[in-house]
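Number of protein chains: 2
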Amino acid sequence: MKNSVLQYENVFIADTATHVGKNELEGPLKDYFDMYDEDIYFGQKTFEKAESELVRRSLNLLFKKTGKKPEDISLLLGGDLLNQCVATSFGVAGTQIPFLGLYGACSTIIEASIVACSFINGGFVDNAAVVSSSHFCTAERQYRFPLEYGSQKTPTSQNTVTGCGTYLLQNTPTPYRICEAVIGKVVDNGIKDANNMGAAMATAAVDTLLRYFNESNARAENFDIIATGDLGKEGHELSVELLKRCGLDLGDKYTDCGMLIYDLNKQDMHSGASGCACIATVFGGYIFKRMQKKEINNALIIGTGALLNRNSSLQNESIPSVAHLIHVVRD
Amino acid sequence: MKNSVLQYENVFIADTATHVGKNELEGPLKDYFDMYDEDIYFGQKTFEKAESELVRRSLNLLFKKTGKKPEDISLLLGGDLLNQCVATSFGVAGTQIPFLGLYGACSTIIEASIVACSFINGGFVDNAAVVSSSHFCTAERQYRFPLEYGSQKTPTSQNTVTGCGTYLLQNTPTPYRICEAVIGKVVDNGIKDANNMGAAMATAAVDTLLRYFNESNARAENFDIIATGDLGKEGHELSVELLKRCGLDLGDKYTDCGMLIYDLNKQDMHSGASGCACIATVFGGYIFKRMQKKEINNALIIGTGALLNRNSSLQNESIPSVAHLIHVVRD
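Line by line, the protein sequences give chains S and G. Numbering of the first sequence is given in the working numbering, commencing with residue 50 and proceeding in unit increments. Numbering of the second sequence is given in the working numbering, commencing with residue 50 and proceeding in unit increments.
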């Protein structure tokens, strides 16, 4: 496959806004998030409405931080894990911004960023906001069991991040530039355990990383951080091993947002974090703010998504996965 | 909102491939579809797998018709109505083509086409395939009731098209060019009846059509056809009335794919057709083939999507909707 690595010249991150819940606030990255709320309902009557409220609050904060009104934004892109992406649809319904709904499971905000880059760099819009959310309680109901069942979780399972991240991308220069991207292929390695999605997504991440390093001149040691979205501890270890077998050692800069957001020694989060909001808040919060402090100048961010649904698991299907990559530099 | 109408110079339709089921074959457009199969399972064990099979068959036919192999395609974009878009994920898993999952409900193939146009015209890829499917039996289970319940349908309800459409877009010239597009806003007009999605989508279609005609120099009489996706008879009549109140009379060239695919006098299809495959097969089959015959030279195609899910209906929520527009000319 030629042209795997897309090149962008004039796409910049104006700013980000992140909103998290209680568990994320108890983790090591708490100081990097913009907003939090300990009420798991966020003032709403249902978990689904709570997730839409997260989207609304995050977008409003993004508008405030960037000094923009909704009518200043040319394009809005996003999606979430709920059936038919309703958290986003209801969350953005009042904005009156042209909207493209995307579904890349937990990779959605990176997918949205890549699409936004192509619209901006192609000269079709001047700016675009991307947004993606997840909520522990809606995801449990959606993919596994309603919370009321009190199900036990397996050691390989991951905890869905309750939160939302949103970024404003634009053609007006800032120090933060998205310079490259790789669009993932749907990879199906036969993993069928919905409680081990990290393993399913690991090969997708490996596929995308190999394509990037094989087809670009990049060297792993030049990056300050190489972070996948939500492989978790289990999936991360698998990906390290698989990459090494393919001759690629990413070293100790290689990590996973799902391992960063919680303290896996103190918080009972099994293999780590997952969900659209995992990479959305860890990149938008932790990594982007460290770029602002000049602690990170060169970042490779790989959104990872498990493209299953509840029925496909019950029907004993495998878990197709995808991983989309962006390369962000501080100029 | 400025820049509502996106302009494309070098995006061409190489060819289309369409696959339908039994009901569609009994309708007036039967001669315009490429493939059909009367087996509602398409040789698979479940309806969900049947829908993925439709995706596979359609893509394979597209590759065959265009003389391409999967490795010749730079980008694949698509989605469907199933939870977490699994019909598409499983359907494309074997292709090894970089994939962007989209969710715009029944507007998905038009949304995918617009995103593809921006990638192609922006110079990021040379070509892109778009695909979208729906299946009557999966959609009933997903949005309303499993077929086994034998539920009665209301007169305003629509019948989900069983089928799949796929198009290859490219920067190599053909006579069929996508020259303009409008990305829809999420419109919520308070309609709550999941059996009257045409009404919910009508205002989204009206919003997009008004933006197009207000911001371009286009005149309705210059088009050979102006077709919305799946408003059905009920939604179409509403949109005509709403447009007239806003001073826009689109005349008798204005129609709806949901009214074209079935014979509403003979087939018991209530308000008409719906589903991702409705506009995907009617544009890719009927309209595109009439363009090939030079019977249609100037077409305005408006994909319409109702962004609800089953829970949002049960929770008495309204139905946010979206409508994406493309302008296709035969040069």
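Where hints are given, some of them may not hold.
Put simply, identical chains are the same to the list, so a pair is met inside one copy or across any two.
[Unchecked claim] Computed cross-link-like contacts, SDA-like style, restricted to lysine to any residue with a CA-CA straight-line distance of at most 25 Å:
{"id": "1", "residue 1": "Lys71", "residue 2": "Glu366"}
{"id": "2", "residue 1": "Lys94", "residue 2": "Glu366"}
{"id": "3", "residue 1": "Lys241", "residue 2": "Tyr90"}
{"id": "4", "residue 1": "Lys118", "residue 2": "Val54"}
{"id": "5", "residue 1": "Lys241", "residue 2": "Arg190"}
{"id": "6", "residue 1": "Lys117", "residue 2": "Glu290"}
{"id": "7", "residue 1": "Lys118", "residue 2": "Arg260"}
{"id": "8", "residue 1": "Lys79", "residue 2": "Cys295"}
{"id": "9", "residue 1": "Lys343", "residue 2": "Glu264"}
{"id": "10", "residue 1": "Lys94", "residue 2": "Asn238"}
Hint data in this document are derived by calculation from the structure and do not stem from the laboratory.
Status of asparagine 238 relative to lysine 94 across identical chains (alpha carbons, at most 25 Å): between (40 Å within a copy, 21 Å between copies)
With identical chains treated as interchangeable, where does the CA-CA distance between lysine 343 and glutamate 264 reach 25 Å or less: within a copy, between copies, both, or neither? Intra 28 Å, inter 44 Å, cutoff 25 Å: neither.
Between copies, within a copy, both or neither: which fits lysine 117 and glutamate 290 at Cα up to 25 Å? neither (45 Å within a copy, 35 Å between copies)
Checking lysine 71 and glutamate 366: alpha-carbon separation at most 25 Å within a copy, between copies, both or neither? neither (34 Å within a copy, 27 Å between copies)
Copy assignment of lysine 94 with glutamate 366, given that the CA separation must stay at most 25 Å: between (34 Å within a copy, 12 Å between copies)
Between copies, within a copy, both or neither: which fits lysine 241 and tyrosine 90 at Cα up to 25 Å? between (32 Å within a copy, 23 Å between copies)
Classify it for me, lysine 79 with cysteine 295: is the Cα-Cα distance of at most 25 Å met within a copy, between copies, both or neither? neither (36 Å within a copy, 50 Å between copies)
Homo-oligomer pair classification [valine 54, lysine 118; C-alpha up to 25 Å]: Between. Shortest inter-copy distance 20 Å satisfies the 25 Å Cα cut-off; intra-copy 33 Å does not.
My question is about lysine 118 and arginine 260: at a cut-off of 25 Å on alpha-carbon distance, are they close within one copy, between copies, both, or neither? For lysine 118 and arginine 260, the Cα distance is within 25 Å only across copies (20 Å; inside one copy 39 Å).
From the Cα coordinates, with 25 Å as the cut-off, is the pair lysine 241 and arginine 190 best called within, between, both, or neither? Both, since 19 Å and 23 Å are each at most 25 Å.
Hints 1, 6, 8 and 9 from the earlier list are contradicted by this structure; the remaining hints agree with it.
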